[in-house]
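A.B. asks: What follows is the residue order along each chain.
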Amino acid sequence: MHDVIIIGSGPAGYTAAIYAARANLKPIVLASSVEMGGDLMTTTEVENFPGFPEGIQGPDLMFAMQQQAERFGADVRMQDATELELDGEVKRVHVGDEVLETRALIFATGSAYRKLGVEGEERLSGHGVSWCATCDGFFFKQKQLIVVGGGDSAMEEANFLTKFADKVTIVHRSEHFRASEVMLERSRANEKIDFIMNAVVEEIVGTESNGTEQVSSVTLRDTTSGHTWSMPIDGVFVAIGSDPRTHLVHGKLDLTTEGTIAVDGRSSRTSVEGVFAAGDVIDPTYRQAVTAAGSGTVAALDAEHYLAAHAVPALVTSPEEAAL
Amino acid sequence: MKEVTTASFEQDVLNADKPVLVDFWAAWCGPCRAVSPILEQIDGETEKLDVVKVNVDQEPDLAMRYNITSIPAMKVFQNGEVVKELIGARPKPAIEQELAAFL
Numbered sequence: 001m002h003d004v005i006i007i008g009s010g011p012a013g014y015t016a017a018i019y020a021a022r023a024n025l026k027p028i029v030l031a032s033s034v035e036m037g038g039d040l041m042t043t044t045e046v047e048n049f050p051g052f053p054e055g056i057q058g059p060d061l062m063f064a065m066q067q068q069a070e071r072f073g074a075d076v077r078m079q080d081a082t083e084l085e086l087d088g089e090v091k092r093v094h095v096g097d098e099v100l101e102t103r104a105l106i107f108a109t110g111s112a113y114r115k116l117g118v119e120g121e122e123r124l125s126g127h128g129v130s131w132c133a134t135c136d137g138f139f140f141k142q143k144q145l146i147v148v149g150g151g152d153s154a155m156e157e158a159n160f161l162t163k164f165a166d167k168v169t170i171v172h173r174s175e176h177f178r179a180s181e182v183m184l185e186r187s188r189a190n191e192k193i194d195f196i197m198n199a200v201v202e203e204i205v206g207t208e209s210n211g212t213e214q215v216s217s218v219t220l221r222d223t224t225s226g227h228t229w230s231m232p233i234d235g236v237f238v239a240i241g242s243d244p245r246t247h248l249v250h251g252k253l254d255l256t257t258e259g260t261i262a263v264d265g266r267s268s269r270t271s272v273e274g275v276f277a278a279g280d281v282i283d284p285t286y287r288q289a290v291t292a293a294g295s296g297t298v299a300a301l302d303a304e305h306y307l308a309a310h311a312v313p314a315l316v317t318s319p320e321e322a323a324l
Numbered sequence: 001m002k003e004v005t006t007a008s009f010e011q012d013v014l015n016a017d018k019p020v021l022v023d024f025w026a027a028w029c030g031p032c033r034a035v036s037p038i039l040e041q042i043d044g045e046t047e048k049l050d051v052v053k054v055n056v057d058q059e060p061d062l063a064m065r066y067n068i069t070s071i072p073a074m075k076v077f078q079n080g081e082v083v084k085e086l087i088g089a090r091p092k093p094a095i096e097q098e099l100a101a102f103l
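Residue numbers (the UniProt record's numbering), protein chains in the order written: chain A, 1 to 324; chain B, 1 to 103.
Read the hints as simulated data drawn from the structure, not as lab findings. You may find that some hints are simply not true.
Partial list, derived from the structure: chain A residues whose beta carbon lies under 7 angstroms from chain B [what the hints assert, rightly or not]:
1. Gly-128
2. Phe-139
3. Gln-142
4. Gly-206
5. Glu-208
Straight line, CA to CA, 16 angstroms or less: simulated EDC-like cross-link-like pairs of lysine to aspartate or glutamate [to be verified]:
6. Lys-92(B) with Asp-97(A)
7. Lys-92(B) with Glu-98(A)
8. Lys-141(A) with Asp-57(B)
9. Lys-141(A) with Glu-59(B)
10. Lys-143(A) with Asp-234(A)
11. Lys-84(B) with Glu-213(A)
12. Lys-141(A) with Glu-98(B)
13. Lys-143(A) with Asp-194(A)
Just so you know, these numbers come straight off a predicted model, no measurement behind them. Note that the Cβ used here is the ideal one computed from N, Cα and C, for glycine as well.
Model the full structure from these sequences, guided by the hints.
C.D. replies: Right, dumping it as structure tokens:
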């Protein structure tokens with residue numbers, strides 16, 4: 001029986017692990033087999049995490065957090081939770097065929113990239129449609145690209161892609177941007193970046209080349225006039241935000257109308273006792289590395305209090321006492 | 001996992017006498033680094049399939065020849081032809097399921 005299992009290894013999961021490990025709770029971190037480190041693993045320079053005046057590479061930051069958690073005894077496993085049993089005092093976490101038992105569970109699974117949901121997107125995924133500029137930008141040297149989205153991640157991707165592409169057009173459905181002023185300014189100042197506002201992608205079209213179908217154009221629709229047109233393009237990078245990753249807890253934990261896991265006030269307590277949630281999976285609003293880290297701290301402290309108040313059932317009564 | 005180059009591709013992949021999974025990867029690709037140890041395991045667990053890797057940074061010609069625009073890209077070659085393609089990192093059971101016909 002473990003004290004705490006943490007599912008997720010972004011800033012929330014690892015910070016919870018640092019706190020729980022320092023509290024001697026010997027947390028197990030199920031860090032995921034392919035997405036360990038979370039979203040920051042596919043970003044480049046992180047300039048707004050306090051303590052790094054020159055910025056730090058996303059993967060370096062996450063590796064440092066992992067090492068910090070391990071230094072205090074966190075057991076970080078590159079494995080995926082596949083099923084949860086949350087009823088009762090003992091929570092069960094399935095990892096493939098293995099079942100781990102724990103008294104407290106911290107759920108910090110973050111969010112998953114949102115898809116456009118248009119014709120051609122699935123079919124051409126990996127053939128010109130991408131969600132990861134740092135992975136795939138390299139293949140678009142001297143090409144024409146669009147980035148769909150209006151947030152910080154869209155701006156960051158667009159700027160990064162100009163290292164390779166000749167031209168990057170940001171397609172955004174409104175004229176208001178969620179992106180921060182500094183990121184927006186950087187894109188506006190970049191000669192290789194153009195904007196098409198009040199437009200959405202209606203379809204991604206491919207043509208056969210060299211035996212495989214590759215993106216060749218997109219159909220755009222003006223959201224105000226309804227006018228549609230075709231734009232020749234070599235690649236489409238989708239950066240329209242993400243949805244909380246809650247599939248493991250559907251029907252088990254209460255969710256909010258926004259789809260995040262519901263927690264009690266400013267705490268991390270979910271609708272099930274002994275289960276705590278932290279990071280982007282509870283946050284529809286801020287979703288920053290540093291707010292996620294703070295949220296992970298809250299979860300670890302809440303879990304620590306919960307464990308202190310709920311002694312291990314098997315140890316409450318000693319055999320002698322039980323005989324009385 | 002064997003590193004294959006443009007020079008050795010024909011011999012190691014196209015003319016191989018069994019199916020070969022080629023992992024197109026790069027050092028700067030986080031998901032590639034995540035999937036690499038999984039492929040290493042699969043390579044060690046089966047005799048039926050060879051698993052090799054191609055560094056797209058060092059072998060841009062191979063990447064271009066096989067229309068790589070997204071990595072990690074895992075392509076299974078049989079008798080010189082691409083018979084299966086997986087793009088993007090995923091957990092080991094999911095990869096094994098996709099590769100079931102070759103394992």
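A.B. asks: All hints are to be evaluated individually against the structure, with a verdict given for each.
C.D. replies: Now for the hints, and whether the structure bears them out:
1. Gly-128: 6 angstroms, holds
2. Phe-139: 4 angstroms, holds
3. Gln-142: Since the shortest Cβ distance to chain B is 13 angstroms, the answer is violated.
4. Gly-206: Status violated, d = 11 angstroms.
5. Glu-208: Check failed: Cβ of Glu-208(A) comes no nearer than 11 angstroms to chain B, outside 7 angstroms.
6. Lys-92(B) with Asp-97(A): Holds - the C-alpha atoms of Asp-97(A) and Lys-92(B) are around 13 angstroms apart, at most 16 angstroms.
7. Lys-92(B) with Glu-98(A): Status holds; Cα separation ~15 angstroms.
8. Lys-141(A) with Asp-57(B): 13 angstroms, holds
9. Lys-141(A) with Glu-59(B): Between Lys-141(A) and Glu-59(B) the Cα gap is close to 15 angstroms, so the pair holds against 16 angstroms.
10. Lys-143(A) with Asp-234(A): OK: Lys-143(A) and Asp-234(A) at ~6 angstroms, within 16 angstroms.
11. Lys-84(B) with Glu-213(A): 15 angstroms, holds
12. Lys-141(A) with Glu-98(B): 31 angstroms, violated
13. Lys-143(A) with Asp-194(A): 14 angstroms, holds
Against the hints set out earlier in the document, violations occur for numbers 3, 4, 5 and 12.
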